[in-house]
Amino acid sequence: MYDQLVFIHQQLKQREVGIELQRFTNVVTKPGVSYYEVPAYNEYLLLTNASALPIGTRIISDTNSIEIAVSQRTLVAMEEFSGLIAIELPNEVQEYPILEFIQIVKE
Amino acid sequence: MVNTRYNIIQIKVESPKQIVHFQHKIPTYLKRCTGFIVKHVKGINSEHCMAEIGWITASFNSLKHEKLVAPVSVQAIYALEEPFGYQSLDVALKPGQLLVGVYIDTMEEKEFSPYTVSLYLRCVAENFKPIDPKIQSVFKQDIPVNPWLRSEFIFQDETTTDDEIEQSITTEQENQDQLCMTN
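Chain order of the listed sequences is A and B. Using the numbering used here, you'd call the opening residue of the first sequence number 1 and step up by one each time. Using the numbering used here, you'd call the opening residue of the second sequence number 1 and step up by one each time.
Source of the hints: derived by calculation from the structure; they are not laboratory data. Take these hints with a grain of salt, some might be off.
Claimed, not checked - No farther apart than 20 angstroms at their CA atoms in a straight line, the calculated lysine to aspartate or glutamate pairs in the EDC-like style are these:
hint, chain 1, residue 1, chain 2, residue 2
1, B, K64, A, E67
2, B, K64, A, E100
3, B, K64, A, D62
4, B, K17, A, E67
Unchecked claim - Ranges between beta-carbon positions, derived for each pair:
hint, chain 1, residue 1, chain 2, residue 2, range
5, B, Y120, A, T74, 34 to 42 angstroms
6, A, I19, B, P71, 42 to 50 angstroms
7, B, K39, A, A86, 19 to 27 angstroms
8, B, C49, A, T74, 38 to 46 angstroms
9, A, E92, B, E108, 20 to 28 angstroms
10, A, V17, B, D90, 41 to 49 angstroms
11, B, E108, A, Q103, 40 to 48 angstroms
12, B, K12, A, D3, 35 to 43 angstroms
13, B, Y86, A, Q10, 35 to 43 angstroms
14, A, G18, B, Q97, 30 to 38 angstroms
We treat Cβ as the ideally placed atom computed from N, Cα and C, and that holds for glycine.
Please put together the full structure from these sequences, using the hints given.
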C-alpha cells in the first residue's frame, strides 16, 4: 500500500535532505475569499488531498505550481511546494475545501 | 583548460495561465553550471516591452538544489537586441541527475498568443577541485632546519624588506615627476 510518510522519508533521503520536523497542517477556505497565501520558506508542504479540491484550483509556489484538473481526481500522489505558496480557488465553488498538507521542516 | 558548453531547454506555452513542467538530463561530462539566462524566443510580437510574461523555477541535481527562480520578459519588436547577459550561478553537477522545473504563464489573456521560452544553461566540463588537503599539509609543514640558520634567515629577510620599503619611499619622494631612473 502507498504510505505517504514512508514515501516522504525515502524521497528526502534520496535528495539528502534531513528532517527536523514533520506534522500535519491545513488551510481552511471560506466563502468570499478565493486567494490565500501560505509562507513555507525553508520547508516543504506536501499537498495530500488534491483529489478533493475543486477543478481549476491553482496552487503556485516558488518551486512547484499545479492546476487541479479532472485527471487529478483519481490520483493519490502528493504535490510538493516550498517558498511562498499562493492558493487560488476558481470563481464558482460549490463547497469550500480544506487543503491538507504534510509540513516538513528541513534540518 | 575549461570547456564551456551550453544546454538549451525549450518551453512551449500554448494557453494562457498554463503551467508547464519540464525535466532535463544534463550530460554527465558537465561538472559545473556557472550561469543561466531565460529568454522569450518566439511567438509574441509586441510593440512595447513586457516586463513579465511568466516565471520559471528550476532545481538541480534531482531536486537536491533549488537554485533558479526568474521572471521572463519580452522586448519590444523594434527594440535593439540586447546582448546575452548570463546571470551567474554556481552549482556543482552530480553525474546523471535531473534538472527539474516549472514555468508558469502570467500574461493577460487578451494579449496572449502561443510562445516559446528558452532556458540557456552555461556549464563547464571540468570541475575546479580545491588543492588536496594532504598536499596542503605538506606545504604547511615546518621544514626542519638548523635553528641558527633559520633565525639568521628570518633576520636577513626582515631587514631586506624594511630596507626595500624605505628605499622605495625615498625614491618616490625624490622622483616626483615619475621619470625613469638609472642606477
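Q: Would you pick out the hints that fail for this structure and give their numbers low to high?
A: Structure breaks hints 1, 2, 6, 10, 11 and 14.
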